[in-house]
Amino acid sequence: QAVLTQPPSVSGTPGQRVTLSCTGGSSNIGTHYDVHWYQQVPGTAPKLLIYGSTNRPSGVPDRFSGSKSGSSASLVITGLQPEDEADYFCQSYDSRLSGYVFGPGTKVTVL
Amino acid sequence: VQLVQSGAEVKKSGASLKVSCQTSGYTFSGYYIHWVRQAPGQGLEWLGYINCNAGDAKYAQNFQDRVTMTRDKAISTAYMELSRLSSDDTAVYYCARTQYWNGYGNWFDPWGQGTQVTVSS
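Respectively, the protein sequence lines represent chains U and H.
For the first sequence, the positions run 206 to 316 when this note's numbering is used.
For the second sequence, the positions run 376 to 496 when this note's numbering is used.
Keep in mind the hints are simulated off the structure, nothing from the lab.
Heads up, a few of these hints could be off.
Coverage of chain U stretches by chain H, computed from C-beta distances (three or more under 8 angstroms per stretch; other residues unrestricted) [what the hints assert, rightly or not]: (1) 225-239; (2) 286-297.
Selected chain H positions facing chain U (in silico; Cβ < 10 angstroms) [claimed, not checked]: (3) Q397; (4) G423; (5) A429; (6) Y454; (7) S458; (8) T465; (9) Y469; (10) A471; (11) Y475; (12) P485; (13) W486; (14) G489; (15) V492.
Just some of the chain H residues that point at chain U, by a computed CB distance under 10 angstroms [as the list claims (entries may be wrong)]: (16) V385; (17) Y401; (18) Y406; (19) H409; (20) K433; (21) A435; (22) N477; (23) N481; (24) F483; (25) G487.
Heads up, the beta-carbon is just placed ideally off N, CA and C, and yes, glycines get one too.
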């Protein structure tokens, strides 16, 4: 069973607001470890989207935002665009495993 | 900042693999290089990292007995070697950079372009 869980898929129409969730536990997100988010277009390398749970790197559109509460984190896309169709992975550190862990990913489809 | 990986590999079961990650645009010894793999249609799996200054490495529990990470500071390049390959090791292997441990869990940025590794029997 994956240490971090994500819904397999989410879909929305252009302009819609969509929320992606990432749920962990007491040895990762539920403690002081940050959550980071990556966008991966099929056939390309993952790209950092959100770091430190809430921060956007320069160049990432402000329609992407992140939050963390308890053992869960969320990535919100406000105003979904066709180019946002991709896989989204959350990532954190796990103290029990003494290593980095990823969620299984959520595929975002723009209808 | 760029991470450029070596080309695709085809290996036989039982063989070993060595992938390189050539870096540029930043001070190589000031960061860690991590290795992450992605099996076909699957998610991301962390293999471990190397401290590019000191040269010490830390490996994921699942790979501790099969993986070795090294670096060559003179040419700003990191390497990942995986032994005793099986078909389960067929995946795209990525290198990615992090800062030194910040106490809260680092993020990976940027990533290399990926190296496709195919293991056949």
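Hints versus structure:
1. Residues of the segment 225-239 of chain U lying with their CB closer than 8 angstroms to a CB of chain H number 3, which satisfies the three-residue condition for coverage.
2. Here the segment 286-297 of chain U counts 3 residues with a CB under 8 angstroms from a CB of chain H, which clears the bar of 3, and the coverage holds.
3. Hint status for H/Q397 relative to chain U: violated, with the closest Cβ pair at about 15 angstroms, above 10 angstroms.
4. Given the 10 angstroms rule on beta carbons, the hint for H/G423 holds: about 8 angstroms separates it from the nearest Cβ of chain U.
5. Hint status for H/A429 relative to chain U: violated, with the closest Cβ pair at about 18 angstroms, above 10 angstroms.
6. A hinted interface residue such as H/Y454 counts as satisfied when its beta carbon comes closer than 10 angstroms to some beta carbon of chain U; here the least separation is about 18 angstroms, so the hint is violated.
7. Against a cut-off of 10 angstroms between C-beta atoms, the interface hint on H/S458 is violated, since the closest Cβ of chain U lies about 20 angstroms away.
8. At about 16 angstroms, the closest approach between the beta carbon of H/T465 and any beta carbon in chain U exceeds 10 angstroms, and the interface hint on this residue is violated.
9. Restraint check, H/Y469 versus chain U: the minimum CB separation of about 6 angstroms is within 10 angstroms; hint holds.
10. With 10 angstroms as the threshold, the beta carbon of H/A471 comes within range of chain U, its nearest partner Cβ sitting at about 8 angstroms, so the hint holds.
11. The restraint placing H/Y475 at the interface with chain U is violated, with a minimum CB-CB distance near 14 angstroms, outside the 10 angstroms limit.
12. For H/P485, the shortest C-beta to C-beta distance to chain U is roughly 7 angstroms, which falls under 10 angstroms, so the interface hint holds.
13. The beta carbon of H/W486 comes within 4 angstroms of a beta carbon in chain U, closer than 10 angstroms, and the hint placing it at the interface holds.
14. Among the interface hints, the one on H/G489 holds; its C-beta lies about 5 angstroms from the nearest C-beta in chain U, closer than the 10 angstroms criterion.
15. A distance limit of 10 angstroms between C-beta atoms decides the matter here; for H/V492 the minimum to chain U is near 15 angstroms, and the interface restraint is violated.
16. Hint on H/V385 is violated. Least Cβ distance to chain U is approximately 19 angstroms, over the 10 angstroms limit.
17. A least Cβ separation of about 15 angstroms between H/Y401 and chain U goes past the 10 angstroms threshold, and the interface hint is therefore violated.
18. Taken as an interface hint, H/Y406 does not check out: its beta carbon lies about 14 angstroms from the nearest beta carbon of chain U, beyond 10 angstroms.
19. Proximity of H/H409 to chain U holds as hinted, the smallest CB-CB distance being about 7 angstroms (cut-off 10 angstroms).
20. Taking 10 angstroms as the C-beta contact cut-off toward chain U, the hint placing H/K433 at the interface holds, the least distance being around 8 angstroms.
21. Checking H/A435 against chain U by beta carbon gives a least distance of about 5 angstroms; that is within 10 angstroms, so the hint holds.
22. Given the 10 angstroms rule on beta carbons, the hint for H/N477 holds: about 9 angstroms separates it from the nearest Cβ of chain U.
23. Here the hint on H/N481 is kept, as its CB sits about 8 angstroms from the closest CB of chain U, short of 10 angstroms.
24. With a cut of 10 angstroms, the hint placing H/F483 at the interface with chain U holds, because the nearest CB-to-CB distance is about 7 angstroms.
25. Checking H/G487 against chain U by beta carbon gives a least distance of about 7 angstroms; that is within 10 angstroms, so the hint holds.
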